[in-house]
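Participant: Counted from 1, the sequence shown has number 22 at position 37 by my numbering; the numbering is strictly sequential.
It is worth saying that the hints were derived from the structure and are not from the lab.
Glycine residues also receive a C-beta, built at the ideal position from the N, C-alpha and C atoms.
A hint or two may mislead.
[To be verified] Ranges of calculated distance between the beta carbons of each label pair, as one might list FRET restraints:
(1) His13 x Met(-14): 18 to 24 Å
(2) His13 x Ile(-13): 28 to 34 Å
(3) Ala16 x Ile(-11): 26 to 32 Å
(4) Ala16 x Tyr(-12): 30 to 36 Å
(5) His13 x Leu(-7): 21 to 27 Å
(6) Asp(-8) x Thr21: 18 to 24 Å
(7) Ser26 x Met(-14): 31 to 37 Å
(8) Pro(-2) x Asn19: 18 to 24 Å
(9) Lys14 x Ile(-11): 27 to 33 Å
(10) Pro(-2) x Asn31: 15 to 21 Å
(11) Ile(-13) x Lys17: 21 to 27 Å
[As the list claims (entries may be wrong)] As a list, the in silico SDA-like pairs of lysine to any residue whose alpha-carbon atoms are at most 25 Å apart:
(12) Lys(-6) x Tyr32
(13) Lys17 x Gln(-1)
(14) Lys(-6) x Gln27
(15) Lys17 x Val38
(16) Lys17 x Gln27
(17) Lys14 x Val38
(18) Lys17 x Tyr32
(19) Lys17 x Met(-14)
(20) Lys17 x Tyr(-12)
(21) Lys17 x Ser(-3)
(22) Lys17 x Ile(-11)
(23) Lys14 x Gly29
(24) Lys(-6) x Ala23
(25) Lys14 x Pro25
(26) Lys17 x Leu(-7)
(27) Lys14 x Asp4
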Amino acid sequence: MIYISMDLKLSSPQNCIGDFTYNFIWHHKGAKLNPTDAIPSQFGTNYTYETVVVT
């Protein structure tokens, strides 16, 4: 078993970081957020919304 640690520090609150199916696919049909977009306001990382959900 492999465990992956993720440390995500943000300078301001962000909505829908881990809600892949609701906001990307079903609710907005991908119009507001793209799974491959980087999460805004990160310090020292460049995680995408998809990375957070898949990891």
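Participant: Hints the structure violates: just list their numbers, smallest first.
Facilitator: Hints 1, 11, 19, 20, 22 and 23 contradicted; others consistent.
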